[in-house]
Each structure stands twice: as structure tokens, then as C-alpha cells.
Amino acid sequence: MRRASRLVPALCLFTGEEVIRGRYKFFAALLSAVSIVEILRVVRGPPSQTEGLGAFFIVGLWVVAGPLCRSWMDEDIRLGYAAFWLQKPLKPFDYYLARLVSAVVWSGVSAIAVCLAALPGFVAAGDFQGLAHLALGAGWIPTLLVVLSFLGSSLGARNGGLFAYAMLLVGFALPGFADAVWLGPGRDVLEVIFPPASAGLLSVNTIRSYGVAAGVAQLLPIALYTFVCAVLGLLLALGVPSRLMRAL
Amino acid sequence: MTDLVRGPSIEVENLRYRYGRAKDWALAGISLRIERGVVLGLVGPNGSGKTTLLRLVLGFARPFGGRITIEGSAPVAYRTRQGIGYLPEQVHLPAGVRVRRLAEFAGRLASLDRSEAQATTGRLMTTLSIDDRADEAVGTLSHGYRQRVGLLVALLGDPELVLLDEPANGLDPESVGVLRSVLRGLKRQGRTVVVSSHNLLELERHCDEVVILSRGRVLGRSSRTELLSRPDIWIVRLSRGSAEAVYVQRLRAKLRGVRLAADEAGFAHGRAALEFATRARAKGCVVEAVERRSFDLEYLFHSLVQLDA
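Quick note, the sequences are listed as chains L and Y, same order.
Just so you know, the first sequence maps onto residues 1 to 248 in our numbering.
Just so you know, the second sequence maps onto residues 1 to 309 in our numbering.
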């Protein structure tokens with residue numbers, strides 16, 4: 001654990017260079033789009049625009065995490081990068097824990113960047129508090145996507161991003177299956193497998209209506225789900241050397 | 001051999017390994033000891049088990065039978081404590097990262113602090129002649145330069161055991177020169193180096209010992225001194241059909257000749273070789289050549305592998 005924590009700054013820089021440096025145009029375009037569209041909505045639309053602003057803000061959160069949703073572990077094994085990392089004096093668990101933490105740090109940074117990009121629009125609408133509520137209630141989206149892609153890659157998914165987005169989408173769609181009798185007990189199983197994403201988003205309204213504490217309490221299942229996915233991914237990371245042996 | 005010996009010794013005992021449900025053993029009971037500070041060359045045809053042996057020394061998998069110890073420790077324990085420099089046969093590194101950042105990152109993985117990682121990276125980049133490419137992305141580099149970056153990553157952290165898997169594969173003469181100087185440096189510093197290669201001349205020149213593998217077994221082992229001190233050998237080369245004749249085998253045994261390959265017999269003295277050639281001709285065999293040549297690694301390798309086949 002201590003070794004992993006010492007590796008995190010180096011891995012943050014490395015991940016930043018690997019992911020952000022080559023895609024600065026993408027991030028600049030995305031953040032500019034969020035900023036411009038939010039301001040245009042306020043300038044051109046009716047006085048109360050918070051709902052519309054919120055929807056676009058959340059779309060921004062979905063998109064900004066895309067480049068971070070990489071198949072880290074699968075790439076390490078399939079392309080043999082891990083042969084270079086794991087020859088050093090460290091355990092696979094420490095390395096992948098640091099890797100995951102650095103990706104989570106970047107997901108937080110990307111969520112903050114979207115908040116900052118959306119800020120002028122919300123300030124213009126006179127609803128600064130609304131942005132704070134949205135950030136608190138929906139800011140978990142990039143982190144969950146990153147953790148899901150990590151889990152997907154540890155399970156051998158070649159496209160961790162696709163895996164993560166599919167999981168999150170199904171998580172959002174799952175409450176629609178509430179009346180699906182044909183699923184039977186299968187629905188309970190699906191509820192465990194897929195993220196409780198809708199419940200997570202409901203917290204935005206709860207924060208507005210009942211306060212921060214109640215809203216944060218509503219976020220606990222999604223936090224627990226994210227934690228369990230991370231632990232599962234890390235446990236699978238222990239097998240990276242033997243998978244590398246077969247793959248190289 | 002250098003006075004300063006830093007590298008560990010490696011003990012391999014009856015090592016067996018196979019991939020998945022493969023019928024054949026990739027390693028079928030290999031035993032060998034590598035002394036501290038020795039540069040050992042592994043040579044063998046494709047599929048002979050060289051790469052598998054290196055990966056097992058790295059501790060990437062558990063053998064099916066037998067054991068490996070590095071300085072008395074299991075490979076995983078040694079690697080996680082000391083680190084092992086390893087250059088795989090295929091060097092794949094993240095394409096979008098600059099060489100300097102990659103190297104500094106590898107240095108941090110090797111427990112160096114930031115300033116140490118930067119200093120070591122700078123020094124090694126000069127040694128490997130890649131300092132002019134330090135700020136280029138890895139993906140834009142040629143094969144030779146990528147191989148050097150791989151070597152740079154492997155050597156960061158000052159590992160005392162270095163494993164190089166076909167390091168000279170597809171390299172231009174300049175990169176081969178860099179590799180040679182790195183090997184000489186490692187040898188001078190007393191590290192244990194295991195290098196697998198198809199370039200027998202390079203191995204003969206740089207390795208203290210050479211182990212010949214075939215079909216997952218050790219066929220032979222020779223030190224550099226032994227190879228250099230072996231007297232020349234006389235070879236009689238017969239056409240294929242003649243070599244298979246029972247008569248030839250008997251005659252070879254009678255004249256104390258060694259069967260070096262399916263169609264070759266080797267003799268310590270020229271007289272015996274000529275006598276063999278004359279008698280073989282008299283019996284209708286086609287003698288293609290009688291020649292004298294040095295008993296070098298290339299000859300040893302071909303003889304042992306062909307005999308094994």
C-alpha cells in the first residue's frame with residue numbers, strides 16, 4: 001500500500017502524458033462546447049434554464065471520461081507493457097492500485113474541468129448553487145466509468161471504454177425493467193451486476209430538496225458499487241504475470 | 001571476469017513447463033547453474049525454450065515441475081525485492097509517451113526518487129545514444145531506437161540480474177554497436193546477464209558461457225575459454241544418401257570419428273579424415289568435401305542440434 005501511494009504521483013504524470021497530451025484538442029473542444037452551449041442557452045432561452053443546463057453538464061461528464069476509459073490491464077498484457085513495469089521491484093497489486101488511483105485522480109480533474117467550463121453559464125443564469133448541487137450529485141460519473149473500464153480490462157475486455165459505457169447505460173435503463181415480469185429473479189441479479197446509476201442521479205434532486213446530507217446518503221450505493229468494482233479489478237490484477245506469460 | 005561481482009547466482013533444477021494444454025513440453029526438465037557475475041548465452045532453434053526459460057526466471061509463472069532459485073530466493077520474491085532487468089523479444093511501449101517521461105516513470109517504478117530517476121535516465125540515455133530523441137514520442141521511433149528505449153527501461157534501477165531476449169533482433173549496425181558496449185559494461189560491473197540470441201558470433205564474443213537448448217532440453221554447454229582452446233577439426237562431408245549407409249557409421253566408429261551432423265563426420269586428425277574419405281569413396285559413397293575448420297560455437301550448435309533432430 002505504501003509503495004502504491006509513493007507511485008501515484010509518477011503514475012498521474014505518466015497517465016496525464018499518455019492520455020491527455022495526445023488529446024488536448026479533444027478536451028479543448030469539449031470544454032469549449034460545454035461552456036459556449038451553456039452560455040447560449042442562458043442568453044437565448046427563457047429565464048429558468050437550470051434543467052437544460054444540467055442535462056448538457058451531465059452529457060459533458062459522460063464524454064470527458066472517454067479517453068480515460070482505457071483497457072489498461074488488457075493492453076498491459078496483450079501488448080506486453082506489463083513485462084516492462086512488473087520487472088521492477090514491485091508487486092502487481094501495488095502497481096495496479098497506483099494505476100487505478102491515478103486514473104481516478106484524472107477522472108476527478110476532468111469532472112472539475114467540466115464544472116469550470118459550465119460555470120459561466122450557471123453564473124449567467126444566477127444559479128451557482130444549482131451547479132454545486134449537480135457537481136455533487138453527478139460528479140461521480142467519470143470516476144465510475146474509469147473504474148468500470150478498469151474492471152472490464154481486468155476481465156479481458158479489449159475495449160474497456162465500451163464495457164464501461166455499456167454497463168453505465170444499462171444501469172440507467174435498469175429501473176425501466178421494474179415491471180418486466182419475464183425477467184423474474186433475473187432482475188435481482190441484474191441489479192447487483194449493473195451500477196445503480198439512476199439512484200445516483202436522483203440524489204441531485206434530493207440535495208436540492210432535502211439538503212446535502214440526504215443527497216450524499218443516496219450516493220452511498222453507487223460509492224459502494226464503485227469500490228467493489230475497484231477491489232474486484234485489483235484482485236484480478238494479481239494474475240497479470242501469469243496471463244502475461246501466456247500472452248507474450 | 002571482473003573483480004567486482006554483484007550479480008546473483010541462478011540455480012535451475014529439472015525445470016518443466018508447458019503452455020496450456022500443449023502436448024509438448026516447452027521446457028522438458030532443464031537443469032543448469034549460472035554463477036554470479038557470469039554472462040551466459042542461450043542459443044537454440046526457434047521453439048527450443050529460451051524465452052520460456054527467461055520468463056520463468058522472471059517469475060512470471062510457476063513451473064509445472066522443478067524449481068528455480070535466484071541467490072537462494074524464489075524468482076517472484078527476488079524480483080519484487082531487487083528487480084530484474086528484462087528486455088523482451090518484442091519491445092512494445094506506450095506510443096504516445098515521450099522517451100524521457102517513460103524512462104523517468106520506469107525509474108520511479110524501480111524505487112528511485114524523482115531526482116535520482118532524472119539523473120539515471122540522463123546518464124543511460126547518453127550511454128545508449130538516445131539523448132537526441134529524449135523528447136520524441138516512443139511511437140515515432142524506429143525499431144532500433146525502440147529497442148534501445150526498451151534497454152533503457154530495463155536497466156533503470158541498476159538491476160543486478162539482466163535478462164535479454166534476442167536483443168539484437170533486426171538492429172542496424174549502429175544499434176548493435178550500442179548493445180555491445182552495454183553488454184561489455186554489464187560484464188565489467190559484474191552483473192549476471194542471461195542473453196538469448198541467434199547471433200552466435202556475438203554470443204561467442206561476449207558470453208562467458210553458452211548453453212545450447214533444443215526442444216526444451218540442454219544439449220550442451222561450453223565456456224568461452226573451452227571454445228577458444230579447442231583445436232581445429234577435420235570434417236568429411238558426404239552426400240545425404242551416403243551418410244545414411246550403415247557402412248559409414250561403422251567406419252566412422254572404427255576411425256574414432258564423431259558424427260557431427262547427419263551428413264558430416266569430424267576427426268581430430270587430418271590423416272584419419274582422409275582415410276575415412278578414401279574408404280568411403282571406395283565403397284561408392286559421394287564425398288563432397290574434406291575440410292579443416294575451427295571448432296567454434298556455430299559448429300558446435302549446428303552439430304548438436306542436427307544430432308538431436
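Derived by calculation from the structure, the hints in this document are not laboratory data.
Hints may contain errors.
To be verified - Dumping the calculated SDA-like pairs for lysine to any residue here, alpha-carbon to alpha-carbon at most 25 Å:
1. L:LYS91 / Y:ARG100
2. L:LYS25 / Y:GLY96
3. L:LYS25 / Y:GLY139
4. L:LYS91 / Y:HIS198
5. L:LYS91 / Y:ARG271
6. L:LYS91 / Y:GLN82
For each hint, the structure was consulted:
1. Taking the CA atoms of LYS91 of chain L and ARG100 of chain Y, the gap is near 24 Å; set against the 25 Å cutoff, the hint holds.
2. Between LYS25 of chain L and GLY96 of chain Y, the direct Cα distance comes to roughly 15 Å. Compliance with the 25 Å bound is thereby established for this hinted pair.
3. Simply put, LYS25 of chain L and GLY139 of chain Y have alpha-carbon atoms about 19 Å apart, close enough for the 25 Å limit, and the pair holds.
4. Taking the CA atoms of LYS91 of chain L and HIS198 of chain Y, the gap is about 32 Å. The hint is violated against a cut of 25 Å.
5. Between LYS91 of chain L and ARG271 of chain Y, the direct Cα distance comes to roughly 63 Å. Violation of the 25 Å bound is thereby established for this hinted pair.
6. For the hint pairing LYS91 of chain L with GLN82 of chain Y, the CA-to-CA distance comes to about 12 Å; that is within 25 Å, so the pair holds.
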